[in-house]
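K.L.:
Residue strings, one per chain:
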Amino acid sequence: MSDTVSKPAGGLKAWLTSDTPASRLQARAIGLWFAWSDLVRNPLAVAGLVIVVLLILMAIFAPLIATDPPNQQNLADRLMAPGVGGHILGTDELGRDIWSRIVYGSRVTLQVVALVALTAPVFGLVVGTVAGTIGGWTDRVLMRITDIFLAFPRLILALAFVAALGPGIVNAIFAIALTAWPPYARVARAETLSVRRADYIAAARLQGAGTLRIITGHIMPMCLSSVIIRVTLDMAGIILTAAGLGFLGLGAQPPLAEWGAMISTGRQYLLSHWWVATMPGLAILTVSLGFNLLGDSLRDVLDPRGAQR
Amino acid sequence: MSQTHGAHDPATAEEESAIAGTSLLPRIAGRFGKTLFSLVVTLFGLLVVTFAIARLVPIDPALAVVGPRATQAQYEAVRTEMGLDQPIPVQFATYLGDVVRGDFGRSNLTSRPVIEDVRSAFPATLELATLATLLGVLLGVPAGVVSAVNQGRWPDHVLRVVGLLGYSMPVFWLGLIALLIFYGQLGWVGGPGRLDVSYELSYELDVTAYTGSILIDSALSGAWDVFFNALTHIALPVFVLGYFSLAYISRMTRSFMLEQLGQEYVTAARVKGVPERRVVWVHALGNAMVPLITVIALSYAALLEGSVLTETVFAWPGLGLYITQALFAADLNAVLGGTVVIGVAFIVLNLLSDLLYTVVDPRAR
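Sequences listed follow chains A and B, in order.
Using full-length UniProt numbering, you'd call the opening residue of the first sequence number 1 and step up by one each time.
Using full-length UniProt numbering, you'd call the opening residue of the second sequence number 1 and step up by one each time.
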């Protein structure tokens with residue numbers, strides 16, 4: 001959400017709150033600015049934003065924040081309690097520092113989130129806008145396929161895909177993306193239907209714009225805000241699914257520091273060394289809580305229609 | 001609370017049948033036909049996907065059977081026998097026929113037909129999901145109502161936090177933490193598994209398998225010590241799964257109730273002097289129940305799926321555990337068979353909720 005990019009002609013604040021925008025860019029910036037000020041007025045939204053920003057910073061500066069390399073084993077120090085021997089959150093069964101592994105694990109989590117967020121919504125957007133714009137049989141077939149995927153149990157389907165493709169973080173991401181796109185297609189189609197009879201579309205068509213141009217240039221931008229809200233709300237679910245796959249041993253493979261996989265190894269020491277499984281779980285909980293808080297508030301700000309839930 | 005809750009149900013039913021009138025049946029029949037059609041199409045899609053997954057596997061199924069030392073002729077013979085030399089559409093048709101007859105092939109892990117494994121594992125999953133949904137409904141609906149009535153006050157905030165935590169918590173982690181506290185530290189409940197080991201050994205002798213549900217079977221067999229032992233084991237997974245169901249149901253109840261409480265008939269009822277408790281719990285909740293039925297069915301379906309992780313944590317011998325164990329044994333028949341069964345249950349529940357919606361809500365017809 002960086003809206004402090006443009007020229008500060010006569011003070012940035014005045015430019016951002018002007019009643020008479022001089023350019024399209026300014027109009028858009030003003031809209032974003034008001035959405036932003038609505039957002040930061042909500043303490044829960046700020047909390048969510050802070051968590052997400054911290055996650056990103058943690059991933060970028062992992063080598064600086066972590067106290068040890070994530071895979072550095074030290075069997076003499078195995079299963080040490082939090083705080084003992086300079087290990088803030090203790091060590092795991094191979095003497096690896098849990099705090100450092102959680103810090104590096106943020107990279108894996110962010111990678112999963114980013115890759116799914118860049119693929120599934122885009123695919124759903126294309127399917128939804130194409131179905132909505134063209135209509136007729138194309139619409140019926142595409143939406144039927146969407147419904148079929150929507151009716152599937154997501155985790156089970158992801159499991160089955162991973163079973164076929166083999167365990168691993170890339171396959172897990174692929175499986176999650178494959179099961180995550182249908183809601184976006186539905187959302188995009190609904191938005192498309194609401195604008196496709198609009199005058200500006202007819203005007204574009206009269207000017208000779210082809211279907212492809214209308215979809216990419218005039219319809220897709222209208223669907224973006226709904227899709228973005230949906231993405232933010234879905235992030236938590238994606239993180240939980242990825243962690244679940246990791247926990248089952250189907251996602252990230254050892255020794256990669258992934259939070260779900262870390263819980264899985266900690267499970268063996270649960271009753272004697274509680275921190276091994278507890279700490280990565282707290283990390284997952286915090287991050288998905290952050291995305292949920294942010295998504296909830298984003299929806300209130302950007303989409304007043306859905307605000308009541 | 002649950003008393004009031006129970007009392008409003010017959011009233012709703014009466015209202016519904018009064019509104020419904022005469023032309024109800026043909027409309028439901030038409031709707032039913034549509035639902036049945038989309039059911040068939042969706043199931044077909046599910047099978048296309050599972051079939052595609054089976055084809056995706058880098059392992060050659062024929063090679064897996066004959067092993068690396070087989071001659072070319074042996075390999076070809078097995079390939080022909082398994083129908084792998086047929087064109088893909090023919091193979092799919094064969095697969096379709098097999099599935100319809102309930103033949104999912106043989107599990108490499110248990111070397112029994114997959115369908116038999118599924119039949120013995122499914123009741124355990126169903127038992128867990130049913131009790132958890134029950135918990136979610138009994139606690140979630142009243143909680144949602146209370147929070148809607150107190151919108152913006154502390155009960156509402158508490159519920160929001162409970163809901164948000166529920167949406168953000170990894171179910172397997174909550175299960176582990178619950179085990180750590182209530183089994184490891186406090187010793188209030190039994191550990192993983194359906195029974196203590198001592199009971200597990202003599203289970204077959206003490207209990208007749210009527211339904212496959214351990215609670216029902218042990219109660220019917222009069223083995224009350226088994227029953228109570230099973231209860232201490234099932235409590236924790238039910239509470240863990242039920243919490244997620246509660247988070248979802250209470251949040252939706254709140255939103256439906258807010259919608260109803262803003263309607264004019266509520267004001268009219270208040271003006272007439274109907275006691276507030278009756279307005280909320282009978283009039284408003286009665287109408288909120290209509291969309292809620294869909295929500296409850298959806299959460300039930302989600303629990304059937306969510307049980308995969310929970311069952312792994314609690315070593316609960318249901319379908320979820322079966323699928324994950326099969327995954328690690330590279331037992332694809334079992335994985336796909338289990339996927340199809342859960343998928344079918346999921347799809348049927350989804351569509352059933354759709355259908356129920358039209359039955360209870362006259363406006364949706």
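A couple of the hints might just be wrong.
Claimed, not checked - On the chain B side, residues computed to face chain A include the following (Cβ under 7 Å):
1. ILE53
2. VAL57
3. PHE172
4. ALA178
5. LEU186
6. LEU352
7. SER353
Stated by the list, open to error - The calculated label-pair distances, taken between Cβ atoms and stated as ranges, are:
8. B:ASN150 to A:TYR269: 51 to 61 Å
9. B:GLU259 to A:GLN73: 49 to 59 Å
10. B:VAL161 to A:GLY208: 25 to 35 Å
11. A:ALA114 to B:VAL161: 25 to 35 Å
12. B:ASN150 to A:GLY208: 35 to 45 Å
13. B:VAL161 to A:GLN73: 46 to 56 Å
14. A:GLN253 to B:GLU200: 46 to 56 Å
15. B:PHE228 to A:ARG140: 48 to 58 Å
16. A:LEU75 to B:TRP188: 31 to 41 Å
17. A:PRO82 to B:PHE228: 56 to 66 Å
Hints in this document: simulated from the structure, not taken from any laboratory.
Every residue gets a Cβ at the ideal spot worked out from N, C-alpha and C, and that includes glycine.
K.L.:
Please flag the earlier hints that this structure goes against, numbers listed from lowest up.
P.N.:
4, 5, 6, 7, 8, 10, 12, 13, 14 and 17
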